[in-house]
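Turn these sequences into a full structure, and let the hints guide you.
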Amino acid sequence: MINNKMGAVAACAVLASVLAACGSSSPSTSASGSADTLVGAGSTLVAPLVSQWQPEYDKKAKVAVTYGAIGSGGGIEQITARTVDFGASDAPLSESQFKEAKEVVQIPWALAATVIAYHLEGAPNQLKLTGPLLAEIWEGKVTSWNAPAIAALNPGVTLPATKITPIHRSDGSGDTFALTNYLSQISPEWKAKIGKGTEVPFPVGVGAKGNSGVGGAISSTNGSIGYIAIAYVLANKFDYALIKNAAGNYPVPGIPSISAAAKALTTVPPDNELSIVNPPVSAPAAYPISTFTYAIVPLKSPKASTLKPFLKWAITEGQQYGPKLDFAPLPQLVVAADDATIEKIGS
Amino acid sequence: MSVSASTAAAAPGALSAHRGLADRLGDRALIGLTWLASAAGMLLIALLVYKVFDQAGASLSRFGLGFVGSRTWNPVSDEFGAGDFVFGTAVSSFAALLIAAPTSIAIALFLTELSPGRIRRPVTTLVELLAAIPSVVLGLWGIIVLAPFVNNTLEPALHSALGWIPLFSGSPSPFGLIPAILILTIMTVPIVASVSREIFQTVPTELKEGALALGCTRWEMVRMVMLPYARPGIVGAVILGLGRALGEAIAVTMVIGDTASIHASLFAPADTLASRVASEYQSATTPLQISSLAYLAAILLVLALLANALARLIVGRSTRRLGASAGGRR
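The listed protein sequences correspond, in order, to chains Y and P. One point on numbering: in our numbering, the residue at position 249 of the first sequence is 260, and numbering is uninterrupted. One point on numbering: in our numbering, the residue at position 208 of the second sequence is 290, and numbering is uninterrupted.
FYI, nobody ran anything at the bench for these hints, they're computed from the structure. Hints may contain errors.
[What the hints assert, rightly or not] Chain Y side only, calculated, beta carbon under 10 Å to chain P, not exhaustive:
1. Gly82
2. Gly86
3. Ser105
4. Glu111
5. Lys174
6. Asp182
7. Thr209
8. Gly227
9. Thr232
Just so it is clear, CB atoms sit at the ideal spot from N, CA and C, and this is done for glycine as well.
Have a look at this one:
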């Protein structure tokens with residue numbers, strides 16, 4: 012009997028002390044943490060660059076930036092719900108998304124490319140392909156690697172008779188947007204039947220989740236072809252295709268060819284939507300599927316005093332960490348437009 | 083009688099001398115807390131079902147019940163329908179059960195009747211461990227090991243041997259219905275096998291011994307005594323496995339190819355209700371798409387709850403019948 016009572020009293024005491032501890036610890040952590048953290052989410056394409064920025068910016072400004080690479084579509088959704096301080100998307104916001112998100116601006120803050128990777132045993136790296144041919148592959152019209160269209164572009168290469176397995180992203184993706192934006196511009200049939208977006212109804216092929224899912228699918232399937240952010244392709248040493256640009260050249264995807272595509276930009280529109288896929292003939296060395304990626308920030312943010320310096324740092328000093336990860340530096344034109352946009356953010 | 087009455091009178095008297103506030107509160111606290119826990123569980127289910135149907139509201143009012151059969155899924159033009167996914171769910175779950183049910187019954191029979199006593203324990207544990215493998219790990223194994231095997235060995239073999247059947251008529255693909263069916267089979271076998279094993283253990287020994295004494299072989303005894311006796315319970319176990327297969331999202335989404343389409347061939351990529359919700363929910367772009375994904379979740383919820391309820395009904399009825407008849411025989 013005494014044991015029971017003592018046990019009950021002891022249990023209550025433990026419970027009370029635990030509750031007290033919880034109650035006392037929470038205010039202190041929030042007090043020390045509130046002004047010095049930024050939370051962001053979105054694009055997996057820019058994720059490697061953001062993970063370079065995190066320790067450097069923490070050293071410089073004592074601000075801890077957390078970033079969740081949940082995909083561009085997820086980033087747009089989170090910033091619309093204001094559950095994060097900034098979103099990141101490879102696709103510029105559409106009219107309806109701007110309306111849903113209510114008073115946000117998009118700020119192009121990194122420049123990369125989507126690369127066509129493939130896995131074909133018996134074939135060399137850097138096979139040559141064209142935009143219309145890519146459209147036909149993802150439409151299911153060209154089904155074999157030794158098709159005459161591919162063989163014509165690659166004289167002297169013996170192509171095996173393997174079936175082509177096109178791989179696409181099953182989740183919302185800025186890489187999907189970059190590729191479908193490009194294909195919509197060079198193929199009227201693609202534009203009419205499938206269109207562009209972060210998720211489109213691909214008629215054939217296999218879906219995989221995330222850049223890593225597509226990478227895994229490509230490495231385990233002979234004959235597969237997919238589109239992945241350039242950093243993943245080069246880091247994992249996948250074979251990649253050279254795509255013919257408007258000038259008739261086959262530039263190797265990399266900083267020089269991406270910068271050449273960005274240099275073809277002459278103005279930045281007021282909503283900062285930049286499309287540099289399918290660059291004109293005047294850019295002979297440009298890689299055709301280069302893409303800007305955007306930070307999406309609210310015009311009125313309680314974290315404006317922390318957010319604005321971070322964004323300004325990201326588009327200037329932060330760019331130096333880009334080239335190692337195959338991000339090209341932003342052209343001066345874009346940095347100036349971004350600066351003006353960042354100034355508009357208030358609290 | 084009087085002796086027991088006096089000892090009975092002494093015992094409560096000895097306890098009640100110490101009855102105090104703590105003891106009375108203890109009883110009330112027990113009743114209160116257990117009520118609270120049960121109510122919380124019921125409330126959670128109700129809220130979950132309500133919230134899913136609430137989120138599906140926009141899509142329900144826009145597409146109505148035709149959504150369940152419609153075959154479009156187009157985020158660009160904002161038109162959605164569940165037809166492809168209902169087909170994928172149905173085919174993958176039923177095919178997985180078709181393979182899992184005989185396998186599980188065989189495992190259960192082996193463990194109850196035929197295995198030497200020494201290996202019974204380890205084999206039972208191993209089979210139940212299969213259920214403990216996290217589904218993400220199974221999915222990863224599916225991408226790295228199963229997909230190449232299916233693409234390079236299994237599907238070409240099926241195609242050359244049985245290619246005249248439409249089911250095996252397409253071209254081999256590493257991701258599609260076949261790897262999904264195989265993974266779902268691996269996930270349902272432990273459940274069906276352990277429930278079947280329990281059911282087989284309830285078969286009265288005198289029935290089995292009687293059959294053997296009359297000169298039946300092992301196989302005849304199993305066929306004529308055990309299987310008919312256990313049949314309702316096995317059916318319940320299989321439906322329980324169906325409930326598991328219906329709801330599996332992560333492992334399936336990694337190997338099924340995530341393509342909204344219906345083909346006659348099992349080699350082609352497809353998608354299921356759970357897998358589509360898992361892959362698209364976080365990145366859905368328009369409110370109608372989010373609502374349509376919630377509608378998919380609602381359909382899945384209804385299917386899974388029905389399967390579970392049916393399984394409980396059948397297993398419960400059969401164990402009560404077996405218990406009653408076993409007791410009655412004595």
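Point to revise | Restraint check, 10 Å cut-off on beta carbons, for Thr232(Y) near chain P | key: holds, 5 Å
Practice item. Go through the hint on Thr209(Y) and say holds or violated, using the shortest Cβ distance to chain P against 10 Å. Key: holds, 6 Å
Check your understanding: Can the hint on Asp182(Y) be confirmed by a CB-to-CB distance to chain P that is less than 10 Å?
Key -> Holds - the Cβ of Asp182(Y) comes within 10 Å of chain P, reaching about 5 Å at its closest.
Practice item. Go through the hint on Gly86(Y) and say holds or violated, using the shortest Cβ distance to chain P against 10 Å. Key: holds, 8 Å
Point to revise | Gly227(Y) as chain P interface residue, shortest Cβ-Cβ below 10 Å | key: holds, 5 Å
Exercise for review: May I ask you to test the interface hint for Lys174(Y) with respect to chain P, counting a Cβ-Cβ separation under 10 Å as satisfied?
Suggested key: holds, 6 Å
**Study point:** Proposed interface contact between Ser105(Y) and chain P, which counts if any beta carbon pair is under 10 Å
**Key:** Ser105(Y) check passes; min Cβ-Cβ to chain P is 8 Å, inside 10 Å.
Exercise for review: Closer than 10 Å between Cβ atoms is the bar; does Gly82(Y) clear it against chain P? Give me holds or violated.
Suggested key: holds, 4 Å
Check your understanding: For the hint on Glu111(Y), does the least C-beta distance to chain P fall short of 10 Å?
Key -> Hint on Glu111(Y): holds, closest Cβ of chain P at ~7 Å, below 10 Å.
In summary, this structure violates none of the numbered hints.
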